[in-house]
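Residue numbers (numbering that gives the first Met the number 0), protein chains in the order written: chain P, 0 to 314; chain B, 0 to 531.
Heads up, a few of these hints could be off.
Said to hold, decoys possible - Here are the computed lysine-lysine pairs in the DSBU-like style, where the Cα-Cα straight-line distance is at most 30 Å: (1) P:K86 - B:K396; (2) P:K86 - B:K203; (3) B:K509 - B:K485; (4) B:K419 - B:K363; (5) B:K209 - P:K86; (6) B:K370 - B:K339; (7) B:K127 - B:K95; (8) B:K363 - P:K54; (9) B:K358 - B:K370; (10) B:K375 - P:K86; (11) B:K375 - P:K54; (12) P:K86 - B:K370; (13) B:K105 - P:K54; (14) B:K127 - P:K86; (15) B:K131 - P:K54.
Don't read these hints as lab results, they were simulated from the structure.
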Amino acid sequence: MFAYLVRRLFLMLVTLFGISVVIFFLLRIVPGNIVDILFAAAGYVDPADEVDLEKQLGIDQPLVMQYLHWISGLLHGDLGYSYVSEKPALQEILPRIPITARLAGLALLFSASIGIPLGVISAVKQGTRLDYALRVVSLSGLSLPSFWLGLLILTASVAMFGQIPIFNPNPATWLEAFATYAVPAAAVGFRSAALTMRITRSSMLEVLRQDYIRTARAKGASDAAVNYHHALKNAILPVITVIGIEAAFLIGGLIVTETVFNIPGVARFLVEAIRWRDYPIVQNLVMLIAVVVVSANFIVDMLYAVFDPRIRYTD
Amino acid sequence: MRSVWALAATAALSLLAFSTATFAGEPKQGGILRMYHRDSPANASILEGATYSVNVPFMGVFNNLVIYDQHIAQNSPDTLRPELAESWSWSSDNKKLTFKLRQGVKWHDGKPFTSADVKCTFDLLMGKSQQKLRQNPRKTWYTEVNDVTPNGDLEVSFDLKRPQPSLLAMLASGYTPIYPCHVSPADMRTHPIGTGPFKFVEFKANESIKLTRNPDYWRKGRPYLDGIEYTIITNRSTAILAFVASKFDMTFPTHITIPLLKDIKSQAPNAVCVVEPTNVSTNIIVNSASPPFDNIDIRRAMAMALDRRAFVDILFEGQADIGGTMLPPPQGIWGMPKDKLETIPGYGQDVNANREEAKKLMQKAGYGPDKHLAVKVSTRNLAEYRDPAVILIDQLKSIYIDGELDVVETANWFPKVARKDYMLGLNLTGNSVDDPDQSFYENYSCGSERNYTNYCNKEIEKLFDLQSQEIDTNKRKQLVWDIDKKLQEDVARPIIFHARAGSCWQPYVKGITIMSNSSYNGFRYEDVWLDK
Numbered sequence: 000m001f002a003y004l005v006r007r008l009f010l011m012l013v014t015l016f017g018i019s020v021v022i023f024f025l026l027r028i029v030p031g032n033i034v035d036i037l038f039a040a041a042g043y044v045d046p047a048d049e050v051d052l053e054k055q056l057g058i059d060q061p062l063v064m065q066y067l068h069w070i071s072g073l074l075h076g077d078l079g080y081s082y083v084s085e086k087p088a089l090q091e092i093l094p095r096i097p098i099t100a101r102l103a104g105l106a107l108l109f110s111a112s113i114g115i116p117l118g119v120i121s122a123v124k125q126g127t128r129l130d131y132a133l134r135v136v137s138l139s140g141l142s143l144p145s146f147w148l149g150l151l152i153l154t155a156s157v158a159m160f161g162q163i164p165i166f167n168p169n170p171a172t173w174l175e176a177f178a179t180y181a182v183p184a185a186a187v188g189f190r191s192a193a194l195t196m197r198i199t200r201s202s203m204l205e206v207l208r209q210d211y212i213r214t215a216r217a218k219g220a221s222d223a224a225v226n227y228h229h230a231l232k233n234a235i236l237p238v239i240t241v242i243g244i245e246a247a248f249l250i251g252g253l254i255v256t257e258t259v260f261n262i263p264g265v266a267r268f269l270v271e272a273i274r275w276r277d278y279p280i281v282q283n284l285v286m287l288i289a290v291v292v293v294s295a296n297f298i299v300d301m302l303y304a305v306f307d308p309r310i311r312y313t314d
Numbered sequence: 000m001r002s003v004w005a006l007a008a009t010a011a012l013s014l015l016a017f018s019t020a021t022f023a024g025e026p027k028q029g030g031i032l033r034m035y036h037r038d039s040p041a042n043a044s045i046l047e048g049a050t051y052s053v054n055v056p057f058m059g060v061f062n063n064l065v066i067y068d069q070h071i072a073q074n075s076p077d078t079l080r081p082e083l084a085e086s087w088s089w090s091s092d093n094k095k096l097t098f099k100l101r102q103g104v105k106w107h108d109g110k111p112f113t114s115a116d117v118k119c120t121f122d123l124l125m126g127k128s129q130q131k132l133r134q135n136p137r138k139t140w141y142t143e144v145n146d147v148t149p150n151g152d153l154e155v156s157f158d159l160k161r162p163q164p165s166l167l168a169m170l171a172s173g174y175t176p177i178y179p180c181h182v183s184p185a186d187m188r189t190h191p192i193g194t195g196p197f198k199f200v201e202f203k204a205n206e207s208i209k210l211t212r213n214p215d216y217w218r219k220g221r222p223y224l225d226g227i228e229y230t231i232i233t234n235r236s237t238a239i240l241a242f243v244a245s246k247f248d249m250t251f252p253t254h255i256t257i258p259l260l261k262d263i264k265s266q267a268p269n270a271v272c273v274v275e276p277t278n279v280s281t282n283i284i285v286n287s288a289s290p291p292f293d294n295i296d297i298r299r300a301m302a303m304a305l306d307r308r309a310f311v312d313i314l315f316e317g318q319a320d321i322g323g324t325m326l327p328p329p330q331g332i333w334g335m336p337k338d339k340l341e342t343i344p345g346y347g348q349d350v351n352a353n354r355e356e357a358k359k360l361m362q363k364a365g366y367g368p369d370k371h372l373a374v375k376v377s378t379r380n381l382a383e384y385r386d387p388a389v390i391l392i393d394q395l396k397s398i399y400i401d402g403e404l405d406v407v408e409t410a411n412w413f414p415k416v417a418r419k420d421y422m423l424g425l426n427l428t429g430n431s432v433d434d435p436d437q438s439f440y441e442n443y444s445c446g447s448e449r450n451y452t453n454y455c456n457k458e459i460e461k462l463f464d465l466q467s468q469e470i471d472t473n474k475r476k477q478l479v480w481d482i483d484k485k486l487q488e489d490v491a492r493p494i495i496f497h498a499r500a501g502s503c504w505q506p507y508v509k510g511i512t513i514m515s516n517s518s519y520n521g522f523r524y525e526d527v528w529l530d531k
C-alpha cells in the first residue's frame with residue numbers, strides 16, 4: 000500500500016509537471032498579450048512604448064526562460080506579480096481561495112446531501128409517482144444552465160422580497176452569511192445534485208436486483224437495513240466517482256455563478272485574468288485547479304478502498 | 000380670541016412649513032454613496048486611462064487646474080471654473096496661459112501642493128520627464144505646448160507655440176488631474192494620491208473601490224459624503240437588479256441602455272433617471288489602403304446607403320442623435336446645424352433616393368444585381384459593436400454589397416486594425432472633451448496614433464490648425480462645420496450615430512448632474528449629498 004501511495008504521488012507530480020508545460024505554452028499561443036490589451040484600452044498603439052512595457056514585464060524573454068523563471072519561483076513559493084494590479088500574485092489569489100472553496104464545498108455538500116438520498120428514494124420507489132417526480136427534478140437540474148438558474152433566483156428574490164443575495168464580505172448576521180453562500184451554492188449545486196441523484200438511482204437499481212439483496216430480505220432484514228446497509232454501500236462507488244469528477248469540474252459552474260452573484264472568488268478572477276492575459280495569475284490559478292483535480296482523483300481512488308473492502312491496492 | 004389663536008397657529012404652521020421646506024433643500028453631511036462599477040479598471044491612474052471605468056471612480060481623488068462646472072450639464076467655454084487655479088489669464092498674443100494657484104492646498108499625504116506639481120504632471124504628459132507613463136493616450140493634446148514654467152510656488156505658465164484656445168477645455172477634462180511630483184507613476188496606478196475631496200482607501204480588482212472623505216479638503220465644508228464605495232459587478236443584469244433592490248444608491252453613470260431603462264422604471268418607479276448623449280459615436284472605419292475601398296466611389300456608395308434613422312430606432316428606440324464628427328446640437332457645442340448636415344451626401348431624409356445614387360456609384364465601379372461585392376465587416380466582440388454591425392450588413396445589401404460579420408476579440412482588435420488586416424470595421428469613438436481639437440487631431444490628423452484608418456488630407460490638416468487658433472467662437476464654429484462636412488464627404492470615418500444612455504439614482508441622492516456632452520468630466524462628486 001505504501002509503495003502504491005508513493006507511486007501515485009510520483010505520478011501526480013509528473014502529471015502536474017506536464018500540466019504546467021501545457022498551461023504555460025498554450026497561454027502564450029493565445030493571440031494578444033497584456034501589452035496589446037493595455038494599449039487597446041488606451042485606444043492607441045505605440046510600438047516603442049509597447050516594447051518598453053514588454054521588457055518591464057519580462058515577456059520579451061524567450062519562452063523557455065520565462066517558463067523556467069516561473070517554475071523556479073513556484074518552487075520557492077514566489078508566484079510572481081500580477082501584470083494588471085502590480086501586486087504579488089499570491090496576495091491576489093490567496094484571499095479569494097477560501098471564498099471559492101466555501102462555495103464549492105457547500106455546493107458539493109448540497110449535491111451529496113440532496114442527490115444521494117433522493118436517488119435512493121427514487122430507486123426504492125421505482126415506477127411510483129414519487130419516482131417520476133424526482134426524475135423530472137433531476138432532468139430539469141441537468142437541463143437548466145446555472146447562469147439562467149442564478150438569474151432566475153435573483154429576479155425572483157427582487158420581485159418577491161425586494162432583496163438580492165449579492166455577496167457581502169462582512170455579513171452582519173448569520174442569515175446574511177448563509178444567504179451569501181447558500182443561494183449561489185444551491186444554484187451551482189442543483190445540477191450536480193441532479194447528476195448525483197441519477198447516478199445513485201441507476202446504481203441502486205442495479206444493486207437491488209442482485210442475489211445477495213434477495214438473500215438479505217429472505218433473512219428478514221428490514222427495508223432500511225437492506226437499502227442503506229447492503230445496497231447503498233455497494234452502490235456508492237460510482238456515486239463517489241461522479242462526485243469526485245464533479246468536484247473537479249465544478250470550477251466551470253462556479254465561474255458563471257460567481258459572475259451572476261458577484262462573488263469575488265478565484266473562478267471569476269480567473270476569467271478576468273484570462274481577459275487581461277495576466278499570465279502570472281492565470282498560470283498559477285490553473286495550476287491550483289490542476290492540483291485540486293489531481294488530488295480529487297487521488298482521494299476518490301483512496302475512498303474506493305474504504306467503501307469497498309474487495310479493493311486493495313497492492314505494492 | 001379664538002381667531003387670534005387660529006391666526007397664531009396658522010402663522011406657526013406656515014413658519015414650520017417654510018423652515019421644513021428650507022431644511023429639506025439644505026445639503027446634509029454624511030453617508031456613503033454606494034454605486035456599482037461596470038467592470039474592473041486596469042489600474043487607478045487617470046492619466047494612463049482611456050475609459051471612464053478609470054475616470055469615474057477616481058476623478059473624486061483629484062483636482063484639475065480648472066474644471067467644468069459640475070452642476071451644468073453642458074460643458075462649454077462659459078462653464079469653465081477655477082479649481083487648483085484661482086484664476087487664469089492669456090497673454091496679449093494668446094500664446095501664454097498663466098494660472099494663479101490656490102494657497103494652502105495639501106496632497107492627501109499632507110505634503111503641500113505647489114506649481115512644481117503642475118510642471119511635473121505636464122512634463123509627464125508631454126513625455127519630457129525621466130519617469131514615464133505606461134500609456135499616454137492624450138499626449139497629442141499638448142503638442143502645441145512648448146513648456147510649462149513655474150513662477151514661484153503659486154503661479155505657473157503654459158507657453159504655447161501658437162494660440163490654442165482649446166487648451167483650457169482640455170485642462171478642464173476629467174482626464175487632466177494634477178499628479179504629485181513626489182509619487183511615482185507606478186504608485187499612482189495602485190495607490191493614487193490627490194488633492195481632491197475624496198481620499199483613496201483601497202482598490203480590490205474585480206471586487207470594490209473605496210474612497211473616503213478628505214477632512215483637509217481645501218474647499219471648506221466639502222465633500223458632503225463620508226465616502227464613496229463602488230462594488231464591481233460585471234454582469235449588467237445582476238447590477239441592475241441590485242439597484243432595483245436598493246443595494247445601490249446609483250447605477251454606474253450612462254450604463255443603462257434605453258431598452259433597460261424601461262425595466263428600471265417599471266421595477267423602481269421612484270428612481271430618478273436621465274438620458275444624455277455620451278459623446279461616443281458609432282462609426283465605420285474603412286481600409287482605404289487596399290481594394291475594394293481604395294475606390295472612392297465604393298466608399299461613397301457605402302456611406303450613402305446608410306439609413307441612420309433605422310439604427311437609432313432599432314438600437315435606441317429613437318433616442319440617439321444623427322450628426323457628423325462633432326456631437327450634434329443642442330447638447331453638442333460644435334455639431335453642424337441640421338440644414339447643413341442634410342446637404343452632405345447620404346444625410347438627406349430620402350433614404351431610397353440616397354440608395355439609388357449609391358447604386359449608380361456601385362455600378363460605375365463594376366458591381367450590380369448580378370455581381371455583388373463581398374466584404375467582411377470586422378468588429379469587437381461586444382454587444383455595442385456587434386449589434387450595429389449586423390444592421391450595417393443588412394443595409395449594405397441594398398447596394399449590392401454582401402457583408403460577412405467578422406467578430407474579433409478585444410485583445411486582437413487594435414493590433415488587427417493597426418495591421419490594416421480588415422476591409423470595413425464597425426467602431427466606437429469616445430470624445431473626452433467636446434472640442435474640435437480633441438476630435439480632429441486625435442482621430443483624423445496625419446500620423447495620429449488613434450487615426451486608425453491613416454486618413455491624411457493635407458488641405459484639411461491646414462484647416463484643423465486654422466480653426467484651432469481661432470479665438471472667436473462663432474468664427475471657429477463655421478470653420479469646424481466646414482471641416483466636419485468635408486470629413487464626411489471624404490468618407491474618412493463615416494459617422495452612423497451618436498449614442499445616448501441612461502443613468503439612474505435613488506430619489507434621496509442629490510447634487511448629481513450627468514454631463515450632456517461628455518462621459519468623462521462630471522464625477523468630482525464633492526457637492527453630492529444624501530437626503531436621508
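Tell me the hint numbers this structure goes against, listed in increasing order.
Hint check: 1, 3, 6, 8, 10, 11, 12, 13 fail, others pass.
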